[in-house]
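2 protein chains.
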Amino acid sequence: MSNETYTLIIGDLSRELPLVRPTPNTRLPLVEFLGDTQLSQAAAKATLPLIPTDTDMLFTCETSSIPLVHSLAELMNLPYEVARKRRRPYMQDPIIQDVQSMTLGVGETLWLDLRHAEHLRGKKVTIVLDVVASGGTISSLEKIVVRAGGKPHGRVAAFSHGQPKMDIQVMQQLPIIALD
Amino acid sequence: MSNETYTLIIGDLSRELPLVRPTPNTRLPLVEFLGDTQLSQAAAKATLPLIPTDTDMLFTCETSSIPLVHSLAELMNLPYEVARKRRRPYMQDPIIQDVQSMTLGVGETLWLDLRHAEHLRGKKVTIVLDVVASGGTISSLEKIVVRAGGKPHGRVAAFSHGQPKMDIQVMQQLPIIALD
Numbered sequence: 001m002s003n004e005t006y007t008l009i010i011g012d013l014s015r016e017l018p019l020v021r022p023t024p025n026t027r028l029p030l031v032e033f034l035g036d037t038q039l040s041q042a043a044a045k046a047t048l049p050l051i052p053t054d055t056d057m058l059f060t061c062e063t064s065s066i067p068l069v070h071s072l073a074e075l076m077n078l079p080y081e082v083a084r085k086r087r088r089p090y091m092q093d094p095i096i097q098d099v100q101s102m103t104l105g106v107g108e109t110l111w112l113d114l115r116h117a118e119h120l121r122g123k124k125v126t127i128v129l130d131v132v133a134s135g136g137t138i139s140s141l142e143k144i145v146v147r148a149g150g151k152p153h154g155r156v157a158a159f160s161h162g163q164p165k166m167d168i169q170v171m172q173q174l175p176i177i178a179l180d
Numbered sequence: 001m002s003n004e005t006y007t008l009i010i011g012d013l014s015r016e017l018p019l020v021r022p023t024p025n026t027r028l029p030l031v032e033f034l035g036d037t038q039l040s041q042a043a044a045k046a047t048l049p050l051i052p053t054d055t056d057m058l059f060t061c062e063t064s065s066i067p068l069v070h071s072l073a074e075l076m077n078l079p080y081e082v083a084r085k086r087r088r089p090y091m092q093d094p095i096i097q098d099v100q101s102m103t104l105g106v107g108e109t110l111w112l113d114l115r116h117a118e119h120l121r122g123k124k125v126t127i128v129l130d131v132v133a134s135g136g137t138i139s140s141l142e143k144i145v146v147r148a149g150g151k152p153h154g155r156v157a158a159f160s161h162g163q164p165k166m167d168i169q170v171m172q173q174l175p176i177i178a179l180d
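Sequences listed follow chains A and B, in order.
Under the working numbering, the first residue of the first sequence carries the number 1, and numbering increases by one thereafter.
Under the working numbering, the first residue of the second sequence carries the number 1, and numbering increases by one thereafter.
Among the hints, a few may not be true.
Stated by the list, open to error - Chain A regions said to be covered by chain B (calculated; three or more residues, Cβ under 8 Å):
| id | region |
| --- | --- |
| 1 | 32-39 |
| 2 | 61-68 |
| 3 | 72-85 |
Since the hints were made in silico from the structure, they are not lab data.
Note that CB positions come from ideal geometry on N, CA and C, so glycine has one too.
Taking the hints into account, I'd like the entire structure generated from these sequences.
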């Protein structure tokens, strides 16, 4: 079973993704942008058409989405902000927002330092994630945008596991593999 | 006091860095690569000459160093790996390594999934961080390289706070500002 993979194809690029097991009877392909600059760039190019053209800023959370969003920000010449999953000692008056993540099976908390929240104010902000499942993380990021005085402008993910339950622009849907 | 900044200059690029307060009587300039693709690229270009030329792979830990290492990996056409600071649910037989970080004032733990550790085996691995202080994180990353069967090949940081106590190639030293 450990040698099972799923073949991901984006344009000319392909990757054999390992299958991970969120529940005993299902398998999910694991996409990892960290460490793979070619995959990040290919996915950024393929995801670019989904970003609303008048977006002022991209917004994501750590960690796995960072290479994708970094590559997209370079392609579009846009700034981006990253909500943290742990409080950092230098944060001042951070926005603190709970999130219920199906992927982790536990609640988490997102933190955005006031210095960074100020960058969102009055801006048209598009949220970008590497992979969405339930959409819980996107909802929480959107709440942070509103609390920071920004305007939620789009929801984009490179990949989804199954069909998202909310309105999200997805570049490629990955299968949820059910086993007997 | 909150308006104090430190002017960082890298080539043609400059940034006004906020000063943070690790202890009541000191201030440190806060460098943040997340969200700043221009700073990441400029620092990557300036740090590039410090990477040993026969490096097979770069190695860092999440989160703040990722944009720098991503940009360096693109410039050098090298793969990189990222040790995580939290266990991820999909990890299998991860290498688990404690680190004593002066920056956080508490111990942390680094995790590297076996699938990624296997990429380090037999490779000449250069460790790259955004900012070093005591060098505790670099030491722990080096232990992971050895445990994974890789060859520690270099220690590089874009910035240091003060003079590092170990042999590390540093692109630019940032001041530790002592107050009366």
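Each hint tested on the structure:
1. 32-39: With 4 residues in contact (Cβ-Cβ under 8 Å with chain B), the coverage given for the region 32-39 of chain A holds.
2. 61-68: holds (count 4)
3. 72-85: Contact hint for the region 72-85 of chain A vs chain B: holds, 8 residues under 8 Å.
Going through the hint list in order, the structure satisfies each hint without exception.
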